[in-house]
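Residue numbers (the working numbering), protein chains in the order written: chain A, 4 to 666; chain B, 122 to 524.
Everything labelled a hint here was simulated from the structure, so no lab data went into it.
A quick note: this is a predicted structure, and the numbers were derived from the prediction, not measured.
Even glycine gets a Cβ: it sits at the ideal position worked out from N, Cα and C.
Keep in mind that a hint or two might mislead.
Unchecked claim - Covered by chain A, per the in silico footprint, the following chain B stretches (three or more residues, Cβ under 8 angstroms):
1. 194–208
2. 215–223
3. 267–274
4. 359–372
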Amino acid sequence: MVIQKNILYIVLTRMGYLVLIAILLSLLANMYTYFSHSQTAELDVEAAQLFNLEYHTPTINWDQPKVANGRLLEQFDNDKISRAYQNAWYFLNESLRKQTSIGLNDYFAEHLVEEIEGMIKTNKQKSYIEDRVDLEHNVDLHLFSIDKQVIAFKDRNVRIKRKVSKLNQIVYEQEVFKSYEVVMTLADGKWKVLQMKETENKNPGRIIRNAPRFVMDSTVTFVGQKAINKVEEVQVNCKTKPKEGFHRIAKGETLYRLSKKYNTSVKNLMTWNGIKNISEIKLCSHLRVKPFVKERKKIVLVTPKVKRAVDKKNRVVEENETIFSIAKEMNIDASLLKSINNLNSNDLKPDQVLQVPNLLDINKEKVKNIKGINYYPQDTPWWDFWVEFDSKIIRKDLIAIKQLKMNTVRVFVPSDGVIPGLQFNVMLDKLETLMDECHQLDLQVMITMFDFPVSFDLDYYNKSERQLEGLMNRLKNHPALLGWDLKNEPDLDFERHGKKKVLQWLEYLIERAREYDPKHLLTIGWSNPEDAVNLADQLDLVSYHYYRDPKSLKLDMLKLKRAVKNKPLLLQEFGLPSDWKWYKPFGHSEDEQAEYLREFKQEMEENRLPYLLWTLYDFKNIPTQVFGYKKWTYSKQKYFGLIDKKGNKKPAYYVFFPYKLKQ
Amino acid sequence: MRKYYNYLIWFGLIALIYGCNVKPGEAELQCNKGGTAEILNIKNKYKAGDPINMEVQTEGLEEEVVLIVWDGKFGEQYFEKTIYSEDFTFAFPDSISIYSGFVTIKIIHCQNLLSKKKIYISSLHPVGAIEAYLGPKTLAIDQNMQSMLCLIPKDKYGNALEESDSIHFSTKYRNMDNIKVKKGIENLLSFIKIKNNRQVGKVLLGAKCEDTYIDEQEVAIVEGPMQEVKINILELHPYSDQRQIVHLNTDVILDELGNIVADGTSVIFVVYEKGEIKAQYQTYTVSGIANIYIENPKKATTWDVSIVGAPKSSEIQLTFYDNLESIPLRIEKEHLVVGPVVGSLDQYIPDGTEVSVTFNYTIHKNLQIEHGFARLKIPETILKLDEVICEVEINNQKVKMIY
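Chain A extracted, bound-state conformation (with noise of 0.2 angstroms):
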């Protein structure tokens, strides 16, 4: 039984053992996975299941010709062949990632699909894998015919973004332009490609078909006035030395010899001077010899001229205009005005041309004078905000604001899709309201764009695209539109999706903002100063975010400032919660958070540092969509305002607050 005994023993201990190690394994892979495993990734696999035939919308420019063969291509028709063109891009491009000639057959003619399916499958025997995308079509139409049954045209400079991989490592990734002849076809009601080959590709680069812009450029130049025949009356002076285009007449002249001498003839100069008998004339009469010409007056002509880069303008001062009035005009500081022209005093003469700086200047003038905050309603906070959008708690949110001497507010834009069930054009109209608003109350706005995660797979180019095109196309022209903020904090995207996929991500992003908005600053928010480095030359401004101690601030500034070759800076982000509770030993008091935002404004003002505050409110409820449902992940987020919970505001308030308080 002793021995039973000690087997049992040992059985039960070595259980044991097992046991607490599998635990042990349990608990360090729960944790690393919930460490790693950010809401980020939540999200990812939702979006990642809407990707489907309308994320894939590449631009398509149409260029038909004056004298078409066969028919004009009606809108109507052009809309559904490119759709069908589009779509047959589509599922090539499918094919070639999944590595399946699914919805081929649909648009493509069968000698087609097999050449395609050939492709696959000696790709397929290798375990290469071509995921890519088309970004960019530039249909040249050759042909509709008179029945509508076929289409052919030229698709010139296709942009192709490819990634290659083999066995999950990317072998190479490359961007092609390629310009192909296609025919397509009518048939059973779709439009299928029947003949596509690539032809040569003289010019490989992007082709910029935008109208041209109409820049009012003004020259100096001399106009005369037709001329007239103005009769003046005859001066008989044997004294006075005669006018330019008089003559005195000596003796022995006669009007004949002089139309000789002066290229003209006697009746000219008899009605030039209003000479009706030969015997008026008389000795030192000074007669005019050469027709009336009024003095051609110098007139500045301010005309078209055909530019495509953004550049400075001039402007002709009209009559009682001054250095002030054309900088509030313009809504500039009238030093810039006078820097640009190198103007040494404030007077203006009519006439006068001024050069006076764009749009996109003036924006990057205003930088400098940032303050603001990053904004959120109290009740709304993130993806909330959108939802349950109420433009009256936004006003009184922007009076809040604007009582603190702040000029801008940060809102944050969700990628289309995140939210569910919000239409992204209903919330460019909730957007453009809280603009108006701003407008309103004189306050200028950053836009950052695809807030929460998106992804930067080569098929989400084209959906993100759509929405940035969406949105400055929307907006651009509005009055209270400062910037635009491409994306929130991408660096810490970094690890999960690869650096280089982002960063091409973004680049991408930049180099079609630029085309759909010239006029406005872009910048991108890092999420701490070394990053924001990445990019920093194809950006206006140079934005980042700081959570650290405040006496490191300039240090990091200095060293940013450096990287970026002196690009102007933006301290988009910062601060700290008041988040002490007994519970919470290692949270901060509310007067710490004040000690902290004071420190931190000194060192900005002192280092002329714009910046935008982590915000005005505490916030009451945290999305669990956007933080999780771990409380302890969220809950100091819920701490950062100037204004607690119940409305009071906070010692940190009055950090911020511009006018003197009674003791």
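Position chain B relative to chain A; hints supplied.
Just chain B, lined up with the frame of chain A:
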């Protein structure tokens, strides 16, 4: 045993650390070795199906695997090649070169493009029937309409032909000699336009490209829409007798150029009564003539008949008189007898004609004619009265009897 458990713990921890180290982002091929490669001895132009071999000269890539990429119109195909000597020859599979167009051949190593070369593969002679798209297949003669024949010749691999190729079109209009046109191929196809040529008939079309032909194609040139239309009355009984019909027809209808309109051309007769459309009758032409039969009205009226769809149409007026000669009434004991009600030809009016009877303006009764008579039992309340006013109405005609 304890030793094994320790191993197990260490194994678990190592696995965990390794797992933590694997980043979920895209992994890139780790490769740092430099080297060069150059594609040599490859032609600029091939014919579809030609074997394509290339010589490659490399340096510093011994024992390395380079990626040879065939970048065609639909995407890329990849071939790996291990370098054993500085120079090597690479033969692409025959099946790859059967599709025409520009192709870029690339050599890639360690994510670097070492060499690339663009070649052109041209299509072969056309085979089979030329793919033809003709439309519209019918043209009206009197309008400025055109048809179009688009041809897309292909070689045996399905490639569209080259721009240097051409197609000979033959067009045969009625009463004219063949018109032969040679046209080049542009944007993978060639086309001609067919005009209506202002002559009714067929236009026959043929085309060839080297030794391949199209199936015969034809465009029908049909008469244009009708122009002036005159309406004739062929048969009319001018009384409101629904047993009779009006037979109308048209003169021969011509189009703008004097052609008789095509058989089956739709003609719509519209009947107006008191300025409002009463009825529309659709019929079709046979030999340019449209016929229509319309039932006479049941009440006296006047109809205006015209044709819609023609720029000019004569309008005729049809007057229908009342068909009733008289409405005799008599009292037989307790019954009111209406009849014999006869028509213009001394015939009974049609059975079922409605008769409306009103006694003393208060009691209404409806009955129908049967064999020229209608009989009604007079209500008892009426029978008791000393004076009765009886009104009878048939087809809008009223008679009054006081007894």
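We went through each hint and held it up to the structure:
Closer than 8 angstroms: that is the beta-carbon criterion, and the stretch 194–208 of chain B has 8 residues meeting it against chain A, so the requirement of 3 holds. For the stretch 215–223 of chain B, the proposed coverage by chain A is satisfied: 6 residues have a C-beta within less than 8 angstroms of a C-beta in that chain, meeting the threshold of three. Interface restraint, the stretch 267–274 of chain B with chain A: holds (5 residues with C-beta to C-beta distance below 8 angstroms; minimum three). Note: the stretch 359–372 of chain B has 0 residues with beta-carbon separation from chain A under 8 angstroms; the three-residue rule is not met and the coverage is violated.
In the structure shown, a violation is registered for the earlier hint numbered 4 alone.
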